[in-house]
Each structure stands twice: as structure tokens, then as C-alpha cells.
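Sequence order for the protein chains is A and B. For the first sequence, counting from 1, position 28 maps to 28 in the numbering used here; every step adds exactly one. To convert, take the position in the second sequence, counting from 1, and add 174; that gives the numbering used here.
FYI, nobody ran anything at the bench for these hints, they're computed from the structure. There's no promise every hint is true.
To be verified - In silico DSS-like cross-links for lysine-lysine, where the CA-CA straight-line distance does not exceed 30 Å:
id, chain 1, residue 1, chain 2, residue 2
1, A, LYS92, B, LYS254
2, B, LYS368, A, LYS149
3, A, LYS92, B, LYS292
4, B, LYS379, A, LYS92
5, B, LYS244, B, LYS254
If you're wondering where the values come from, they're calculated on a predicted model, not measured in any experiment.
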Amino acid sequence: DALLACHRFYRSRPTHGIGKFKYLLPKEVPKKKKEKVQMKEIDAGTEYQYGDVNIQMTSYDLCLVEHFAQYVHRLCNRLSIRVNESYAMPTKTNEVLFMEERGSKMQLDAVLTTHQRVVQIRGLSSTFAPILLEIIQSNQPEGVHLLMKQHTEADFKSRLKSRPELEELLAEMS
Amino acid sequence: MAGHCGARAMAARLGPRAAGSARGVCSAAARRPWRLFGAMCLLRLPRITQPLEKEEEEMVALMEQIELEKSCYSDHEIRKLEEEEQLKRKKESLYDEDEARGKTVIMAQDLEEKWEQKFLQFKAAPRVTDADKSNDRKSLNRKLDSNLMLLVKQKIGNQELWLLPQVEWQPGETLRSTAERAMATFLGDHIQAKVLGNAPFGIYKYKFPRAIRTENNMGAKVFFFKAFLQSRDLSQAELKADYLWVTKKELGEYLKTEYLKKVNRFLLDL
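My request is simple: use the sequences and hints to build the entire structure.
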């Protein structure tokens, strides 16, 4: 009976935490990797496979774009396409000014925010790509612009912020 | 998935898919007794979303409510609330300090009313166009919420049939260019259509009736390619007058059953 019974050492017992050892090991500081290596796959070959493909969705309506991005992500999961990343680009605000020049000059302001979501895919075979494109296109909601393109370094760099002071110092140094 | 099924059907006969298929066919054309055709399925994408079903509408209402409750106040709404409070305070007790502080000339409420008036003035285009009412199957403006496909009347053997535009494959060109040529012969050059990929979407093979069958000509295989029509209006450079733009449901009225079965496999109807 004593052998079969479960003796998990409860917190009030003096033997609580008897097997712990991680606090004894030296602490490792996690390495910070700032520059991520971009990997590109072969495009040509007997079996066509695209490298990294970006599906960019832009719209004025936030909820719509987010839900559509979620839908695309889940669709790729179901179709067993590997999704590298699914991120959002910073929102752009546009101010629309109306100048009515009949009689009194009025300025009506409207503030529009443009949201963009990107789903990055890898390992898309060329026989399947047009089918996927057609499915996504036919399920596009109103007001959402769809753009599918290959991932380039420029796309990667557009996500990063430039540091003018650092660049100035580097320019001064060299 | 339909593309895979269609390709697998012919994988037994031809080798690898995609561009490899064209190369495989090129080398083996001399031996094969099948004649090859490339057909183009030209789709006009829907321009309006389809009307929502009951469950979809309920879902939309629910999601909107959830989003509304989850969201934070926007600038305009905060401004509106502040002005309402200011008005309340003025009514209860006379505070001149509020008026001394920069009073807004235009209240948020006025702005809202102006916007609402503008919105009421806006009229959306009608969903059911004239072509729908007259059921004119030759115009592109017909069913704006579903895919329209091009059907052409062609002469095969001694029968005149309704088919997707097809043209015989000539050795030395890829199947995709055959399909593009088919499109060009029926619609004129410079059609802004985007062909989806190099791999065919479906295949239909049939054997000729015994009277015509020779050693070299057992039958024919038709490879279907899909393309999206980009331009809105087609310049009327039609070579053959018998053309139709039909939806998937109306296909059954025009195509033969076997042909229809294979074509239906790769058509998305959403």
C-alpha cells in the first residue's frame, strides 16, 4: 500500500522541493541576436518551390484585416503549409482635408488609419500556389487589399527602425 | 486540391507535373496516339460580395457587438463626452471659466450630424444590373457576385459543341502558351488576363468514335488552364459570334455530362 500510494511532497511538508537542483547551476544570460539571417530557398528545379512568400493585407478597417489575417493563417495551418511569421506593419494615419470653396471656406477633417498584416509562408509548391491564391482571393472581404509577393531584404528592413544617431557616429568613426 | 487530382489522373500516362509535363509530352509526342489540346478557362472574378446567409448575418452582428464592447474610445468620442459634460455643468451652474477657456467653435455633435447627412446623400450602385434583368448572357455585367466563365461554340469532328475555348497543341510550345493562344484566337490579342501558374488545372480525355480512329489518332486530351480577367470591358474583337459568359450552375445547360464532370472538379464556387 505504501508503495502504491502517491507520495508527492506537498508544500507544507518539510520535504517539499527535495529534488531541485537548478538553483545550484550557474546562471546563463540569454544571448541577444539582433540580426536575423534571411534564408532563401531554391526557386528553380524539377519540383518548383517558392521561397518565402509574403501575403500582405491592407485595409482601413482594423477588425476586418485582423480577422482575415487569422483566417489566412489558420487556412495555411490546415493545408499544412509552413507559416514562418505572421506580423503587423505599423499603422499609417492619413488626414483628409476638405476645402469647400463655395461661399465660406470650410475645412472638414477626416483621419484615416491604414492597417497592414503580413503572413509569411514557406514551402509553397507551384502546383498548389494558384489554388491557394484563388481560395484567398474568392474569400477576400470588402475593403481589403491583397498582395502576394516574394520576400526580399527590403521587406525585412522595412520592419526595422533606423537609428540616425548610431549612423552618424558610425559615419564619424569611419 | 482539384489541380492535384486532375494532375494525378494523367500522371500515369505522363511523367512529372508542371513544366516537366510539357517537356515529357514533347519528347513522347511521336509515339503517343493522343492529340493534345490546350483549353483556357477564363474567369471573371466577382465584383461584389455575395449576400450573407442568416447565420452569417447573426455572426456579423455578434462580432460587431464584441468588438464594440472590447474597443476603447476614439478621439472623437472622447471629445464628444467632454463637451457633453461641459454642457451639463453649464446648465447646472453658471461657470464662466469654461467659456473663457478656448471654446470649440464646432461641437463634436455637429460634426457627427454633418457626416450623417453626407452619408445619406451617398447612393451605392445597384447590385442587380440591367443585364441581370434581361438575362443577357453575352455581357460581362451580369452576375456581379459570382464567377463568370467564357464558353465558346466550337466545331469538333462534325458536331458543334459548347466548350471552353481550346486549340490544338503544336510540338515545341508549352501547354500554357497553347492555352494563351486559344484565348487570343477567340478574344483577340492583348487581353489583360493573368494565367495562374504553369500547371494545368484539369484534364479531359476522350476517344474518337471508331470511324475516325486510326493508329495515330486514338483520341484527344484536353488540358484546362485557368486565368483571371483583369480588364473591365472587353474590346469587341470577337472572331466567333457564339460566346457566352456563364456561371458554374448554368454550365450544366451547355456542356456535355462527361465534360461537365471534369470541368466541375476544378471550379471553385464560393
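Outcome of the hint check:
With a C-alpha separation of about 24 Å, the suggested pair LYS92(A) and LYS254(B) falls inside the 30 Å cut-off, and the hint holds. A threshold of 30 Å between alpha carbons decides the hint, and for LYS368(B) with LYS149(A) the separation of about 15 Å falls inside it, so the pair holds. A distance of roughly 25 Å separates the Cα atoms of LYS92(A) and LYS292(B); the hinted pair therefore holds under the 30 Å criterion. Simply put, LYS379(B) and LYS92(A) have alpha-carbon atoms about 53 Å apart, too far for the 30 Å limit, and the pair is violated.
Pair hint LYS244(B) plus LYS254(B) holds up; C-alpha atoms about 19 Å apart against a cutoff of 30 Å.
This entry does not satisfy hint 4, going by the numbered hints stated previously; all others are met.
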